[in-house]
Every structure is written in C-alpha cells, then in structure tokens.
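S.K.: Please model the entire structure based on the sequences and the hints provided.
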Amino acid sequence: MVRFENVGLRYGMGQEVLRDLTFRIEPKSFQFLTGPSGAGKTSLLKLLFLSLRPTRGLITLFNRDTSTLNGDGLAALRQRIGIVFQDFRLLDHMTTYENVSLPFRIMGREESSYRTEVVELLQWVGLGDRMWALPPVLSGGEKQRAAIARAVIAQPNLLLADEPTGNVDPSLGKRLLYLFLELNKAGTSVVIATHDIALMDQFDARRLVLHDGRLHLYD
Amino acid sequence: MIKKLISRARGVIETPVASATGAPLPKVESSIVPPQSIGGRALMAVVAIMTFLASLTTGGVMLVRANAAEWQSEVLREVTIQIRPGTGRDLDAAVRQASDIARGFPGVAGVRPYSRQESARLLEPWLGSGLAVDDLPVPRVIVVKLASGERPDIAALRAALTEKVQGATLDDHRGWIDRMRAIADFVVLGGIIVLGLVIAATILSVNFATRGAMAANRPVIEVLHFIGARDRYIAGQFQRHFLWLGLKGGAIGGAAAILLFALITPIEAIIRGNAGADQFAALFGSLTMGWGGYAVVLLQIVLIAAVASETSRRTVNQTIASI
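Residue numbers (numbering that gives the first Met the number 0), protein chains in the order written: chain A, 0 to 218; chain B, 0 to 322.
Note that these hints are calculated values from the structure, not bench results.
As the structure is a computational prediction, the values presented were derived from the model and not from experiment.
Be aware that one or more of the hints could be misleading.
What the hints assert, rightly or not - Okay, derived cross-link-like pairs now, EDC-like style, lysine to aspartate or glutamate, Cα gap no bigger than 20 Å in a straight line:
1. LYS45(A) <-> GLU25(A)
2. LYS142(A) <-> ASP86(A)
3. LYS45(A) <-> ASP230(B)
4. LYS27(A) <-> ASP218(A)
5. LYS163(B) <-> ASP91(B)
6. LYS45(A) <-> GLU221(B)
7. LYS45(A) <-> ASP71(A)
8. LYS142(A) <-> ASP71(A)
9. LYS142(A) <-> GLU221(B)
As the list claims (entries may be wrong) - Using C-beta positions, here's what the derived DEER-type ranges look like:
10. TRP131(A) <-> ALA261(B): 21 to 31 Å
11. GLY140(A) <-> SER29(B): 19 to 29 Å
12. SER29(B) <-> ASP86(A): 14 to 24 Å
13. TRP131(A) <-> PRO265(B): 49 to 59 Å
14. ALA250(B) <-> ASN69(A): 33 to 43 Å
What the hints assert, rightly or not - To spell it out: a stretch of chain B is covered by chain A in this simulated footprint if at least three of its residues, at any positions, have a beta carbon under 8 Å from a beta carbon of chain A; those stretches are:
15. 217-223
16. 226-235
All C-beta atoms in this analysis are idealised placements derived from N, C-alpha and C, irrespective of residue type, glycine included.
M.R.: Next up, the structure:
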C-alpha cells in the first residue's frame, strides 16, 4: 500500500531531517509512529499524505509513484487517505456536522445520502449535542474528536493521525483508539503518531520509531 | 458502514456513548468559502467605489460624445444668408430674391427670412432693447434649413447668391464647426483616456483587494486540498464566491452612478432659467445616459466581477502550488 525506498527529506539548504527511510505499510496493518519530540514524526506524516515531496528516494502510494502524480491524481489519492492534524484544522465558519461531512461534500455526494452516517459518528465520538456548534466554541478535546470524525467518516484506505488522543481524557482516548482498531479491521491501514508510551503499551501493534532522522522498525 | 463499525467498537468497550440524541440537523449547508470576512467586505467596498467612478467617467464620455454629435448635426443642417445694407439697396427685395433662390435649390428643406424686428432682437444683447432698426445699417439674415440626409451643393448656392443678389453672403458655419468639432473630439479623447486609466486602476485595485481577501482563506484552501478536493473544485468554489461579491459591489457602484445621472434631469429642471444652467444646457443638451450608457455600466459591472473571480481562481492555484 505504501512503500518508501531510501527516502530523504531536507528543508531548504539545511541538514536532512529524515534519512534513508525504507519501509512498507501493508494493507489492513496497524502501527504506531513514535520518537522523541523533533524526531520528524510530523514530517514523515506529511510525506505520507503528500503534503511534502521527498528530496530524494521513491515513495509509492497505492501502487502509484507519487513523483509522477498530477493535481487530479494527487486529489484522487488523498480521498483514500484520512488525516487527523495535530492542530485539528477545522473550518471555523462551518458547524461540527459540516466539518465532519466535508469529505463527502467534496466528493459531490448529496447531503441526504450521508446524514445518518455523520450523525451516528458524531454521537459515537460524543459530539451529538455539538453538531450545531462552530469550532471556535468547541474545547480542545471536542475539536480533536471532530477532526478524528472527519478523518474516518469516508472510511479511507489509509488513516494517518498526528497525536490523535493528546487532548482527550484517557477513557475517551481509548474509545477513539477502538474506533481506529475497528476501522483497521474493516480494511483501513492505520498509522498513529504519538509519544504516549502508555497508550502504545495497551495495544500489540507494530512500532515505527524515529530517531536522529532514521527509522527503526519493531514488528 | 460507519454504523456497523461503531456498533462493533461499542461491543469492544463498555463505556456508554456520552452524547445527546435527537439533536436537530443543520438545515442549510454553509458555503465552503467563509461568507463574511473583513477582506470580503473591503473588496466589495473597493469594487463599489471603483465601479461608481468608472461608470461616472463612462457616462460623462458618452454624454459629451452624444451631445457633440447631435449638436454638430443640428448646426450642419443649417446655413445662413446675410444681406448687408448698402447705398440705394432695397433690403426687403434682396431678402425676397435670396429666399426665392434658396427655396429653388435642391436639398433645401425650408427658408426663413428674419424680419427687421427679429434682426433687432438678435442685437439686443449688445445694443439693448427699443432699438430703432431703421436708423442703423443692420444686415438681414435668412436661415436656410437643409434636408436631412441630403448634401446640397453649398458652393453653387453661394455662387448663385453672390451673382444675383448684391451684398449677399452665405455662411455655412464650416470654420466654426471645425473648431468646435476639434474641441469636442479632444474632450471625448481625453475622456476615453481617463476612462481607460480608471478601468486600469479598477482592475488593479480589485486584483489587490481580491488577493488581500484571499490571504485570509489560505487555511480553507489547505484543508480542502489535504482532504482530497480537486484543484478545479476548490477554484470553482472561490470563483463563484468572488464573482458574486464582485457583482454585488459592482451593482451597488453602478446603481449609484445610474441614480446620479437619473437625478441630474430633475435637478436641471429645478435650476433651469439660471444663466449658467441655460448655457450648460445649450452646450451639452440633455444629461441622460441613454440605453447605450446603461449597457456600458452593466458591462463594467460584469467585467469588474469577472476580474475578482479570475483573480481568486489564480490565487487559489498559486496557493495550492505553494502548499
């Protein structure tokens, strides 16, 4: 599903922040991406969701060489990827319901065709009574849950989450992880970037550990 | 499918779902582009002001052009025969003879000799009223109206008059017309240059205002881009939004200009009789834009809105390229 071969990344003329990354993310796999702060977790996630281009190496996503993608090809791949941003990136002028249903909307689906799914998911993540609310009035935890709901609503083939449980209490964090696990069982590959060791210890999953710009795999 | 996933996840964990059920759903989907922003309102104000100025300039140019053309054609359809008094000359007989010659000429629609009293009235602004015309060598004037659409042989008429009527001269106002035409052409050309500059300034200011309004929308473009919206979709959303903003601003500015032109006629009626107003009316005639003027104002509104829309599309594409 995802293949990195000797991938390197540098910002401008600086040193390489990621070096010689070679790994695969298999279909229906579940993994944690971890490492100390500043190790490059967010940069690796950006490479995974095609927000950054590598300065060297080859990235293959869904059997497509990402260096040859045009605008439409990039958009088509991104529709198969769900992303939870560390800073949530909700649209402030849209209600929680509208933010979560955005992936369906950009696909051109009728509102009536996805309404039930969005409501069900919002209720599951505990935002059933916040559907009308705009992001500026949501708490950090509520924003995070809305961001997670937006990432999973279209059941992507690949889910990337950057510290998805950082702002929620442990029990809700566990519930959100179960949602990721169920999504994984339904066929989605999941990559969760975190440095919460306690959270990782609760699940027997592959770990990708970034250190000094290099990746160490613990299957 | 989501329902299935959730119910399976619910089976794994016992924690009850902490949410309200039966919450009403939003009835209307919000626009993808934030509908109200400071940048958007500023852009609308810029569009309205620039459209107003451009419309005023257009209206002014069209007004001068139309009135100059009308006024020139009026004067061109008229020539004047003047008969100077002379020793032993019977002016009344000369006027009759000259009138007959003019009437018999092809292309002449009407001949109107001015009586002694009318000639005296023409001199009133200089010599005062109650003038004893008989005591003065006042020339007599015959106004010859030319048929519209025809081009009578003025040179032949002049030759016939000079040959048959002593003291008769024919003035076709050519020299004066040429000078006035040159002035009118200069005014219209100046107006067109000013209009061109105003339209260029409008396009530039709308362009910059649109870019300013778009800067606040970068996070929206980024999110749409990252969740898989096609570039065309994102650009289309912004194009529609800014086209509508431009049309609203343009309609406000254009309507204000049209209203101003519409108000000039009643104001003109109120101040009529005033010496300055009369001179102004004599020079510029009726101060109405006409359908052509309204059409040009509408065209400007559409053009300015299209500039805002196209700028937003380019800015979206540049933003996406820079992400």
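S.K.: Against this structure, judge whether each hint is valid.
M.R.: Comparing the hints with the structure gives:
no. : hint                                : result
1   : LYS45(A) <-> GLU25(A)               : holds, 18 Å
2   : LYS142(A) <-> ASP86(A)              : holds, 9 Å
3   : LYS45(A) <-> ASP230(B)              : holds, 19 Å
4   : LYS27(A) <-> ASP218(A)              : holds, 15 Å
5   : LYS163(B) <-> ASP91(B)              : holds, 15 Å
6   : LYS45(A) <-> GLU221(B)              : holds, 13 Å
7   : LYS45(A) <-> ASP71(A)               : holds, 19 Å
8   : LYS142(A) <-> ASP71(A)              : violated, 29 Å
9   : LYS142(A) <-> GLU221(B)             : holds, 18 Å
10  : TRP131(A) <-> ALA261(B): 21 to 31 Å : violated, 46 Å
11  : GLY140(A) <-> SER29(B): 19 to 29 Å  : holds, 23 Å
12  : SER29(B) <-> ASP86(A): 14 to 24 Å   : holds, 21 Å
13  : TRP131(A) <-> PRO265(B): 49 to 59 Å : holds, 51 Å
14  : ALA250(B) <-> ASN69(A): 33 to 43 Å  : holds, 39 Å
15  : 217-223                             : holds (count 5)
16  : 226-235                             : holds (count 6)
Of the hints listed earlier, those the structure fails to meet are numbers 8 and 10, in rising order.
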